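With the sequences and hints as input, model every part of the structure.
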Amino acid sequence: MSDPSQSLRVVEALLFAAREPMPEAALAAQVPEDTDLRALLARLADDYADRGVNLVKVAGGWALRTAPDLAGALQKEAEVQRKLSRAAVETLAIIAYHQPVTRAEIEQIRGVSVSRGTLDILFEAGWIQPRGRRRSPGRPSTWGTTRPFLDHFGLESVDDLPGADELKAAGLLDAAPTPTPLGPIADAESDTLPEAGVEDGSGTLFEPPDENHE
Amino acid sequence: MSDPSQSLRVVEALLFAAREPMPEAALAAQVPEDTDLRALLARLADDYADRGVNLVKVAGGWALRTAPDLAGALQKEAEVQRKLSRAAVETLAIIAYHQPVTRAEIEQIRGVSVSRGTLDILFEAGWIQPRGRRRSPGRPSTWGTTRPFLDHFGLESVDDLPGADELKAAGLLDAAPTPTPLGPIADAESDTLPEAGVEDGSGTLFEPPDENHE
Amino acid sequence: MVAGPPIDDFEDPAPGGGAGEQLVLDLDGFEGPIDVLLMLARQQKVDLARISILQLADQYLAYFAAARRLRLELAADYLVMAAWLAYLKSRLLLPRHEDEDEPSAEDLADALAFQLRRLEAMREAGQRLMARDLLGRDTFARGAAEGIIVIEIPIYALTLYDLIKAYADQKRRNQPAMLTVPPSELFTIEAAVKRLSVMLGQTIRWTVLESFLPSGLVEGLLSRSALAATFAGTLELAREGKLQLRQTHPFGPIYVRQPPGKPS
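Chains as they are written, first to last, in this note's numbering: chain A, 1 to 214; chain B, 1 to 214; chain C, 1 to 264.
Because the hints were derived from the structure by calculation, they are not lab data. It should be emphasised that the depicted structure is a prediction, and the values quoted were computed from it without experimental measurement. Treat the hints with care, since some could be wrong.
[Unchecked claim] Under the rule of at most 25 Å between Cα atoms (straight-line distance), these lysine-lysine pairs were calculated in the DSS-like manner: (1) A:K76 x B:K57; (2) C:K194 x C:K242; (3) A:K83 x C:K171.
[Claimed, not checked] Just a few of them, taken from the derived set where beta-carbon distance is under 8 Å, the chain A residues facing chain B: (4) V10; (5) L70; (6) K76.
Positions of the beta carbon are idealized from the N, C-alpha and C atoms, including for glycine.
This is the structure:
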């Protein structure tokens with residue numbers, strides 16, 4: 001004896017729990033023999049037609065799939081804290097101070113090449129944007145900062161960025177101390193005598209030997 | 001502007017697509033702010049009440065699950081689940097009702113030692129997890145149940161454990177008033193005696209599946 | 001817990017057992033003495049809260065007395081429990097000592113009853129849990145869940161200070177800094193040889209090497225270079241036969257003098 005509404009529930013549950021599309025034969029095996037499976041599937045497809053999930057016929061059989069128009073809703077946006085690399089921060093700073101500036105100019109200022117990814121990150125963060133092309137050979141495109149950049153840093157305009165004089169006044173441009181070339185010479189001595197208990201030649205060249213030197 | 005029927009479709013699709021129960025906050029994030037989510041969920045639960053798939057509140061969220069009365073039809077398709085041994089069921093119940101609970105306390109309640117494998121199997125199943133250490137001598141680690149435990153046993157939260165209130169009122173979730181010799185006295189033996197008829201020591205934690213599952 | 005002959009066969013009344021009392025000893029499937037105690041307690045057919053511990057102790061002891069008659073080997077924990085119950089029984093029956101420091105027999109009996117009730121409760125709770133509609137046994141989740149795609153939006157915690165500092169740092173690094181190497185003040189071997197040659201004229205006796213060093217050099221690189229150069233100079237002059245060197249032991253002081261008989 002077949003109860004169509006119970007068979008409908010069984011088919012629905014089977015389709016829901018299945019890992020792969022269910023062939024009609026597999027569905028038929030779970031409902032009474034005299035069940036009109038095609039009619040059941042047609043009714044189920046109709047039930048789900050306007051819902052968030054649809055019954056679809058795919059290669060291997062039948063499957064429940066989320067409605068294609070809702071794909072966007074099935075994406076969740078999550079904010080993740082990231083840290084910008086030093087290269088990215090420096091590049092951003094150079095663009096801010098020198099805009100509009102070409103990539104080649106950034107590289108010239110930084111003294112190292114700027115990776116494609118660095119500009120991409122800054123672009124995706126919404127802080128820089130292309131600013132037209134330079135009227136120079138190769139017509140390179142230039143970069144500048146955006147409105148969100150100003151918002152993020154609480155600036156009215158890029159003119160609010162402190163100038164070179166102010167940086168100097170704040171001690172941010174103080175030259176690094178020059179290295180003393182002969183500083184580490186004494187160390188070189190002890191490097192060549194690994195087994196010796198000699199710290200460095202502290203005035204006398206001759207120190208008591210280790211036992212194993214005798 | 002919110003369109004309730006569209007929001008219903010979105011929530012439905014989310015619940016279909018989700019791999020774990022969806023907390024209400026996660027659902028709310030995907031529909032317009034002025035949506036009455038509770039009303040939507042109530043309507044969805046109603047829509048599915050008589051179908052092969054039901055909307056249930058479980059493990060702190062909402063999930064679609066096949067109707068329990070259809071278990072028979074689906075078990076033929078699904079892999080037969082291994083049956084937990086009596087020792088494992090008892091240990092799981094003790095952890096669920098007494099959490100956080102140390103291994104020594106479990107042994108005190110069961111009157112026999114807990115074989116390593118019992119906790120391992122429950123941990124591996126994802127139903128229990130370490131819960132920090134007790135501030136007592138030896139700083140023993142404690143165990144508690146997990147979200148998947150709630151999901152598997154169809155519980156909304158640990159407050160929903162069946163009969164927990166009565167057990168608490170009867171004082172049966174308290175520690176023993178006076179020590180008795182019902183600790184794991186000599187039970188280490190049962191771990192090493194293969195011919196002992198004790199489940200804990202027999203090495204198999206799972207009994208063969210029931211006949212009717214085959 | 002019984003090692004030895006199979007005991008499933010003992011379906012007959014235990015020899016010497018109470019009249020008409022059917023005692024079937026089958027410890028298979030028991031999990032230690034508490035399991036047996038629970039089984040016996042249930043045989044009292046009363047609420048576990050009103051169980052008679054005295055009666056329970058008698059039942060347990062009778063049970064294992066029978067086992068002993070059958071010469072079954074009982075695991076230690078069963079024997080410990082038997083001994084403890086015999087002790088508890090005697091204390092429950094005997095008048096109580098006043099000076100006792102230990103818990104009273106009644107307290108011990110209560111504790112045992114409590115433990116039996118608590119284990120029974122946990123067993124029932126376990127059964128209740130397993131009787132629920134279990135996910136993967138009675139209900140099933142979506143088999144082919146699409147999952148919800150999480151799009152990560154990076155948030156960069158960068159302050160204006162970080163930005164300006166970065167600009168200043170790289171600007172400072174790229175300032176045309178002149179690397180100036182200060183001229184090194186070292187005492188050369190040539191200078192040492194010259195100095196030694198002059199001083200040797202007055203040195204007839206063994207004189208310690210350090211006394212040939214220019215005065216005023218206390219420490220530091222120049223002092224060490226002077227010592228090294230002077231030592232190298234003495235070697236050079238010794239090779240030419242213009243002076244003699246003596247060191248009595250390794251790393252000892254080095255002495256210098258003019259070769260005897262050599263005209264200064």
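Hint-by-hint comparison with the structure:
For the suggested pair K76 (chain A) and K57 (chain B), the alpha carbons sit about 21 Å apart, so the restraint of at most 25 Å is met. For the hint pairing K194 (chain C) with K242 (chain C), the CA-to-CA distance comes to about 13 Å; that is within 25 Å, so the pair holds. Proposed proximity of K83 (chain A) and K171 (chain C) is supported: the alpha carbons are some 22 Å apart, at most 25 Å. Given the 8 Å rule on beta carbons, the hint for V10 (chain A) holds: about 5 Å separates it from the nearest Cβ of chain B.
With its C-beta approaching chain B no nearer than about 4 Å, L70 (chain A) sits inside the 8 Å limit, and its interface hint holds. Hint status for K76 (chain A) relative to chain B: holds, with the closest Cβ pair at about 7 Å, below 8 Å.
In summary, this structure violates none of the numbered hints.
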